[in-house]
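Just so you know, the sequence shown maps onto residues 1 to 330 in full-length UniProt numbering.
These are computed hints drawn from the structure, not numbers from a lab. Among the hints, erroneous ones may be present.
[To be verified] Using 30 Å as the maximum straight-line C-alpha spacing, the simulated DSSO-like pairs for lysine-lysine come out as follows:
1) K285 x K19
2) K281 x K50
3) K50 x K288
4) K19 x K288
5) K19 x K274
6) K285 x K48
7) K267 x K19
8) K274 x K48
9) K149 x K120
10) K50 x K282
11) K281 x K267
12) K285 x K274
13) K50 x K19
14) K282 x K48
15) K288 x K267
16) K50 x K274
17) K285 x K50
18) K282 x K267
19) K285 x K267
20) K267 x K50
21) K19 x K282
22) K48 x K19
23) K281 x K149
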Amino acid sequence: MLNEAVSWFHTVLCHPGQKRLNEAMQTRYYHPDMRRTINNLRCEVCSKNKLSGPGYGLLPEREVRGQPFEEIAVDLIGPWTVRVNGRNYTFYALTIIDTVTNLVELIRLDNCEAEHTRMKFQHAWLARYPWPQRVIHDPGSQFIAGVFKDLLTRLSITSAEGTTKNAQSNAICERMHQTVGNVLRTYLNSAQAPTLLSEARDIIDDCLATAMHAMRTNIATSLGSSPGALVYGRDMFLNVPLIADWHTIATRREQLVNENLRRQNLKRRTYDYKVNDQVLKKVYKPTKLGQRTTGPYSITRVHVNGNVTLQLNPNVTERINIRRIQPYRG
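All chains, please: the whole structure from these sequences, using the hints.
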């Protein structure tokens, strides 16, 4: 009878948490096992629709590279719309950044097709800088297509694909996109509206060049210097030489990364995911009244880098970061 009473109150009181449910029942009834029964209550409606609070599972340490041009991160930013003679012109930009020096390359894309993206990547980076050993990218269609993957394979470059809808996997690009967006909004909203498509393209190229110069000349907190000064061995404005101590820079960056990781893990619950565990997958950008999770799904594999593989159906699996899942307690 106690289980039925707890379930009834939980439903009538609109699915409160354990503490509130216990307080509500204790004001009316007493039972020595009431608290334990409430703690053991499993409600599928609550687990799928209520906010999960702090994440489950600690995030793993991240490897910090120390050699310039060894690893780069690529991503697409956009779409943005510029109005030309009453018609909207949509454009994208390819962003490329060296993860050690933070040196940035930005180039406008007329479309986001894989072949066009591959060509611009060759022009913007491979033709100008030492070839990297590793390229970090998201699972966008431009980067997982055969033409882009074939290029990396032909040049013996390792493709490091992030998980879906997990901006933290390519965080260095996402932070750069905020800076580029600020420059573009400021420039486009203050400049005279273009009347020709060629003028619009020139304005976009000018905006991207301005943003790229700003990011190359500003001091990076993790580096203690500007990316341009570190790469070219001199100040970006004055003819003053600079000799970089890469060992010290890498050590300092590793300390910052570990400190940021420690702060993030302080906000998370300790939890070890195991094979065959049932978990819920968080909905990406849910509506205010929409369902918060889907599932449950079974874990088929646990990876050391904070990812797990879920069995979505008998024929489909998905590799996903632990930030986007939570234990199923239904």
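Hint check:
| no. | hint | result |
| --- | --- | --- |
| 1 | K285 x K19 | holds (29 Å) |
| 2 | K281 x K50 | holds (13 Å) |
| 3 | K50 x K288 | holds (11 Å) |
| 4 | K19 x K288 | holds (25 Å) |
| 5 | K19 x K274 | holds (28 Å) |
| 6 | K285 x K48 | holds (15 Å) |
| 7 | K267 x K19 | holds (21 Å) |
| 8 | K274 x K48 | holds (20 Å) |
| 9 | K149 x K120 | holds (14 Å) |
| 10 | K50 x K282 | holds (11 Å) |
| 11 | K281 x K267 | holds (20 Å) |
| 12 | K285 x K274 | holds (27 Å) |
| 13 | K50 x K19 | holds (15 Å) |
| 14 | K282 x K48 | holds (9 Å) |
| 15 | K288 x K267 | holds (23 Å) |
| 16 | K50 x K274 | holds (24 Å) |
| 17 | K285 x K50 | holds (14 Å) |
| 18 | K282 x K267 | holds (18 Å) |
| 19 | K285 x K267 | holds (21 Å) |
| 20 | K267 x K50 | holds (18 Å) |
| 21 | K19 x K282 | holds (24 Å) |
| 22 | K48 x K19 | holds (19 Å) |
| 23 | K281 x K149 | holds (29 Å) |
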